[in-house]
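**Q** Our numbering puts the first residue of the sequence shown at 1, with every later residue one more than the last.
Simulated from the structure, these hints should not be mistaken for laboratory data.
Check each hint, because a few of them may be wrong.
For each label pair, taking beta carbons as the anchor points, the in silico distance ranges come out as [unchecked claim]:
1) Ala147 to Ser73: 18 to 28 angstroms
2) Ser105 to Ala15: 11 to 21 angstroms
3) Ser73 to Asp151: 13 to 23 angstroms
4) Leu65 to Ser23: 17 to 27 angstroms
5) Cys106 to Ala15: 11 to 21 angstroms
6) Gly12 to Asp131: 11 to 21 angstroms
7) Lys72 to Arg114: 10 to 20 angstroms
8) Asp151 to His47: 33 to 43 angstroms
9) Met1 to His47: 36 to 46 angstroms
10) Leu65 to Asp146: 12 to 22 angstroms
11) Phe103 to Gln160: 32 to 42 angstroms
12) Ser33 to Arg114: 18 to 28 angstroms
13) Arg142 to Ile76: 26 to 36 angstroms
Built from N, CA and C at the ideal position, the CB exists for glycine as well.
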Amino acid sequence: MEILIGLGGNLGDRARYLAEAVSYLKDMMAVTSQSDIYESEPWGYMHQPRFLNAVVQAETDLEPLGILDLLKSFEINAGRQEIFRYGPRVIDLDLLAYGDWVFQSCRLTLPHPRMHERLFVLQPLCDFRPDWRHPILGKTARTLCDALLQDTPEAARPWQR
Numbered sequence: 001m002e003i004l005i006g007l008g009g010n011l012g013d014r015a016r017y018l019a020e021a022v023s024y025l026k027d028m029m030a031v032t033s034q035s036d037i038y039e040s041e042p043w044g045y046m047h048q049p050r051f052l053n054a055v056v057q058a059e060t061d062l063e064p065l066g067i068l069d070l071l072k073s074f075e076i077n078a079g080r081q082e083i084f085r086y087g088p089r090v091i092d093l094d095l096l097a098y099g100d101w102v103f104q105s106c107r108l109t110l111p112h113p114r115m116h117e118r119l120f121v122l123q124p125l126c127d128f129r130p131d132w133r134h135p136i137l138g139k140t141a142r143t144l145c146d147a148l149l150q151d152t153p154e155a156a157r158p159w160q161r
């Protein structure tokens, strides 16, 4: 199954945590594409450092909840602490999409319920899959991204080391 995973973090060595997360994902599944890294303003709670974000595409036979468990395990092992919702974190890994599945449980909603509202997801996704189509909204990543860019002057920016 083709999946999309969002990566982000704003504490510590942000780039190192993203690189370690991608390496972990490559050990667990076949990563087929990876976006550039973007720097973005915080979302939800503004009084915190800026985030680095990326999106990867992978192929896997794992079920969605199994993937979620792998992602959460990496976050915990990397030192993530849940301070408060939308608060700072060393790493955040989100299963954004699992093929064209629409799925909801108490632990996971697919596609990610707010990915279409977040430039820090859509801009990296458009690096390699501008034609990805949201299974509920029926719009491409490029269309969703362009609509947000019209209303949001503070887009995520490609990160410069």
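**Q** Each hint needs a verdict: does it hold in this structure or not?
**A** Each hint tested on the structure:
1. Between alanine 147 and serine 73, the C-beta spacing of about 35 angstroms breaks the proposed range 18 to 28 angstroms.
2. For the hinted restraint 11 to 21 angstroms between serine 105 and alanine 15, the CB-CB distance of approximately 33 angstroms leaves it violated.
3. Remark: the range hint 13 to 23 angstroms for serine 73 to aspartate 151 is contradicted by a beta-carbon distance near 36 angstroms.
4. Roughly 23 angstroms separates the CB atoms of leucine 65 and serine 23, a value that falls within the hinted 17 to 27 angstroms.
5. Checked against the hint of 11 to 21 angstroms, the C-beta distance between cysteine 106 and alanine 15 comes to roughly 34 angstroms, which is inconsistent with it.
6. Look at glycine 12 against aspartate 131: about 35 angstroms separates their beta carbons, and that is not inside 11 to 21 angstroms.
7. The given range of 10 to 20 angstroms is respected by lysine 72 and arginine 114, whose C-beta atoms sit roughly 18 angstroms from each other.
8. A beta carbon spacing of about 23 angstroms between aspartate 151 and histidine 47 contradicts the range 33 to 43 angstroms that was offered as a hint.
9. Under the hint 36 to 46 angstroms, the C-beta atoms of methionine 1 and histidine 47, about 38 angstroms apart, fit the expected range.
10. Here the CB-CB span from leucine 65 to aspartate 146 is close to 33 angstroms, at odds with the stated 12 to 22 angstroms.
11. In this structure, phenylalanine 103 and glutamine 160 meet the distance hint of 32 to 42 angstroms, their C-beta atoms being roughly 37 angstroms apart.
12. A hinted range of 18 to 28 angstroms holds for the C-beta pair serine 33 and arginine 114, which are about 22 angstroms apart.
13. One distance hint, 26 to 36 angstroms for the beta-carbon pair arginine 142 and isoleucine 76, holds here, with the actual separation near 35 angstroms.
This entry does not satisfy hints 1, 2, 3, 5, 6, 8 and 10, going by the numbered hints stated previously.
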